[in-house]
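Listed here are the chains, written in short residue letters.
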Amino acid sequence: MIQVSRHDIVIVGGGGAGLRAAIAAAEAHPDASIALVSKVYPMRSHTVSAEGGAAAVARDDDSEELHGFDTVKGSDFLGDQDVIEYFVEQAPRELALLENWGCPWSRNDDGTVSTRAFGGMTTKRTWYATDKVGFHMLHALFQHSMRFENIVRYDEFFVTELLTENGECKGVAALEIRTGEFHAILGRAVILATGGAGKIFPFTTNGTIKTGDGMALAYRAGVALKDMEFVQYHPTGLPGTGILITEAARGEGGYLRNADGDRFLVDYDYGVGNKAELGPRDMVSRAIIQEFEAGRGIDSKVGLHAALDLTHLGEAHINEKLPFVRELAKTYIGVDPVYEHIPIRPVVHYMMGGVDTDVNSATSMPGLYAAGEVACASLNGANRLGSNSLTECLVAGAVAGQNAMDFARGSSEGNVERLRGQAECESARVDALRGSAKGSEQISGLRQEMNSTMEEGCGVYRDHPSMAVAAEKAREIRQRASDLHLTDKSKVFNTEIIGAMELVNMVELAEVLAVSAAARKESRGAHTCRDFPKRDDTNFLYHTMAYQTEDGPRLDKKDVKLGHWEPQERKY
Amino acid sequence: MAGTAHPEAMAPPQKGPTRTAPPQMPGTWWGAPRIRTYLLFGATGIVYFIAGTVFLHLVWQLGKGPEAWETALSSLSHPAYIAFNALTLVSVIFVGVRAFGGMMPKMQPRTGPIPVLPAGTVKALIYGVWSLMTLVICLILAGVLF
Amino acid sequence: MTEAAEMMHVEVTRFDPDQDEVPKVQEYDIPIQSDWKVLDAINYIKDEVDSSLSHRWSCRMAVCGSCGMMVNGEPKLTCKTSLADYSGSIKIEPLANFPIVRDLVVDIDGFMDKFRQVKPWILRAKERAEDMEALNEKGTFSQSPAELGAFKQFSMCINCLLCYSACPVVANEPEFIGPAAIALGHRYNLDSRDEGARERNETFRGEGTVFSCSFANECSQVCPKNVDPAAAVNQAKLGAVIDWAKGLVLPREGA
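Order-wise, the sequence lines are chains B, S and F.
According to our numbering, the first sequence is numbered sequentially starting from 352.
According to our numbering, the second sequence is numbered sequentially starting from 309.
According to our numbering, the third sequence is numbered sequentially starting from 82.
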């Protein structure tokens, strides 16, 4: 028997965006009931792993105009400019609010918040709390959210389906991981804030929970996934594990060196503000791969890599500004950056694409909102600038919380019995899947196949023949994922069935990603094709929209919202 | 226009409880060095309890009169008591060293009102103060001071 | 992948309330790599040997706090603990002092309640609307690096709960609010932006809080982030007493 609970709004995901949305809704409507559903306890959410900082205009030599232009240019002109203008305007207020709520931002001697340099940003506008910004932001948000009694948390509940009525989103069906029981958590609006899907790739900074669940939920409910072909490679991940070494390491003055010991980025001239290392992530990642291909990569037992040199910064500076980088390098690769170079290579970090939303964080489905990495409001276009995403979680989260609440107040609850029925079907489906030893595919085996397919087809450099192969292979993998071999019959904390459903979500997105990529015959931002090395504004200045059909994704186009800034050549 | 949420909506989610196993200590808990030191630390309590009892006994004898006091004092030179006294000293040093270990700065660097001194300096300071206090007390007891 | 695989004998606690009366031990012999962490070994078992094994993990970079377990009897963050530190065989158990839900998964809801009891958010005397003058023109409080440094260390807790597992007081008195929760409350007490110390100190003077601590110092020894919760607890004792003494001497505000 499934349990039905009724709220005003339901938020799926308890990371930066989800918590910000919950707080926005709870603050505006103290009498409302807000459900916060997450497959992990909120402080485990992957926002916790962000390191470098969050961008918002803070200094007198900076302006919203500059932040906006940097973002548009960083996006390779695929960003929607209404979203960008709203974002840069709201950003300072959001970060200041977080300060008021206890986030321990690093300070200047005069007591104001300190900012640091970041890639692709023309001036110092990245707010930071040493190099654990995501951690401090998430914990500040989570702890602040606890003061609101009207935020009702559902910790360790895995959402498997959006419940809809007449094309409107009315709640979610969720599996309580602890008990194996199903719940219909109803609300008159639903916000997705489940983060990205980096785990589609084998080598990623993302934690194991980032399986794109929210994207898959929306996609299956008929909402378009936008610009899925744009996957950000972060230039500096530890070889082997893929653990992130923050861009702040370069912002604080670090150098990238090749096998000859040269600061090779000087030759590429991507740097912003007299600093060769501070180019945008897509370009720096490509430069590293070019060095590898020119035979200037460093070969070692951890594979081909480049080197991040912080030795000239001195121990005191590293301890003060980059203590976590030092801890990570020592623990996970046995290197003390005070004395040695850190081996690094480009690593999958962020999905620019996601559920199609607008400046109001609203999707095309009434009552369904999305915010954070799961969404694609087209703030980031074809390439995100470092430190814009944490701020995006806050800005988009707050907007989603307010708008979802407003929507909920103006709409009706829907037929509870019918929605319960929907959840019961879902419950029956999952019950049948649990421990069903009928299938023949191993979860881990299929996951590895998907991982290698995506790495081969959709890496830093791509070409259309291999993208077509990847798309074909991804489609085959998606079909095989309906035939999984499960052995765990227990209802209590069954992580095998969660893993299976996460895999099904991922293979779906992998196919969308590969198909969207294969259709874009140009090079823009993070989507770089060897066979089409130039940006093509005449034919491809549009967003890719992918809709689910039985035969795989159907692609469509959506115009880019231009306006304030005209597309121009992207040169740094 | 719809009203607010269902009246029951504010209730926390009903966690369907599952049967849990009671908390368990690792099977080898008594063998772990960390736990052994803690047990030793706890055991020093017995020593202090006995020392305290002896002290109370002395005070009691003092109240009984000079004769009883002299007898009590002379009983302190018994080898067993001297051995026990040595044990008490060892216990005090053990607890002191353990507590001082806990006072060492754990995180470097810490930009606070009190700058974090290097661990060596902190150690020297703590033990310096300790030795000085011990010396002063010894001198007072020996009648050199006051 | 580059080196010849070495073998390791791994003993793992298994408990499925649907089937098992009490937790049992299952043994696996698996090939390992020299650079693996303990978590990698558990994930290998989950992926390649026995997919019914349940455990929590996510970030695998020692910041999400999910993967705390007992490794050879010591509470450890398994993603931060090198397998190379153990030779031949290893014993992995769920965190001590917590009820076991399944295999290596423990019930931490009790902690979540304790966590909330210390009011881990900025408390201000005035309502937000009247409080705006405390902010500078950028909308933030002014806080010097020294004021930040006063609490920074205690804000680094990742809630991995190793300290609860190591604490002998928690073992005897499960209601004890515990090291991480006290450290968090103390973190806000030390924050120059906060005005709720008196309220939290009242909580701290209650039963099962700071004065239950016997300064075993175990929490600080096992803390993977060097937060030093023992220092926080003992500073909080002092703060609670000073506040109490002040209450005796000084007239109550507003009275």
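No wet-lab data here; the hints were simulated from the structure.
Beta carbons: idealized from backbone N, C-alpha and C, even for Gly.
Do not rely on the hints blindly, as some may be mistaken.
Taking beta-carbon pairs under 10 Å as the criterion, some of the chain F residues facing chain S (in silico) [as the list claims (entries may be wrong)]: (1) 103; (2) 176; (3) 180; (4) 181; (5) 183; (6) 206; (7) 208; (8) 210; (9) 246; (10) 296; (11) 297; (12) 299; (13) 302; (14) 328.
Listed next, the in silico BS3-like pairs over lysine-lysine satisfying Cα-Cα at most 30 Å (straight line) [unchecked claim]: (15) 414/S <-> 219/F; (16) 909/B <-> 872/B; (17) 372/S <-> 681/B; (18) 922/B <-> 908/B; (19) 840/B <-> 127/F; (20) 789/B <-> 200/F; (21) 327/F <-> 207/F; (22) 414/S <-> 127/F; (23) 681/B <-> 172/F; (24) 885/B <-> 824/B; (25) 922/B <-> 872/B; (26) 127/F <-> 200/F; (27) 840/B <-> 318/F; (28) 127/F <-> 652/B; (29) 431/S <-> 318/F; (30) 681/B <-> 127/F; (31) 872/B <-> 885/B; (32) 840/B <-> 872/B; (33) 172/F <-> 626/B; (34) 431/S <-> 681/B; (35) 789/B <-> 127/F; (36) 681/B <-> 652/B; (37) 414/S <-> 200/F; (38) 172/F <-> 840/B; (39) 909/B <-> 922/B; (40) 327/F <-> 824/B.
Residue hint residue 103/F, partner chain S, criterion CB-CB below 10 Å: The hint holds - residue 103/F has a Cβ within 10 Å of chain S, the shortest such distance being about 6 Å.
Status of the residue 246/F interface restraint (C-beta, 10 Å, chain S): Holds, about 9 Å.
Satisfaction of the residue 302/F interface hint, Cβ to chain S closer than 10 Å: It holds, given that the least Cβ distance between residue 302/F and chain S is near 6 Å, below 10 Å.
Pair hint residue 909/B and residue 872/B, alpha-carbon separation not exceeding 30 Å: Distance of about 16 Å is within 30 Å: holds.
Hint consistency between residue 840/B and residue 318/F [alpha-carbon to alpha-carbon, up to 30 Å]: Violated, at roughly 49 Å.
Proposed interface contact between residue 210/F and chain S, which counts if any beta carbon pair is under 10 Å: violated, 24 Å
Residue 328/F as an interface hint toward chain S, with CB separation required under 10 Å: Result: violated, 25 Å to nearest chain S Cβ.
Restraint status (C-alpha distance of residue 909/B to residue 922/B at most 30 Å): Status holds; Cα separation ~26 Å.
Agreement of hint residue 299/F with chain S interface, Cβ distance less than 10 Å: holds, 6 Å
Agreement of residue 789/B and residue 127/F with the hint, judged by alpha carbon distance not exceeding 30 Å: It holds: about 19 Å lies between the C-alpha atoms, which stays within 30 Å.
Proposed proximity, residue 200/F with residue 789/B (alpha carbon, max 30 Å): violated, 50 Å
Restraint status (C-alpha distance of residue 840/B to residue 872/B at most 30 Å): Violated - the C-alpha atoms of residue 872/B and residue 840/B are around 47 Å apart, more than 30 Å.
When the structure is compared with the earlier hints, violations turn up for hints 6, 7, 8, 14, 15, 17, 20, 22, 26, 27, 32, 33, 40 and for no others.
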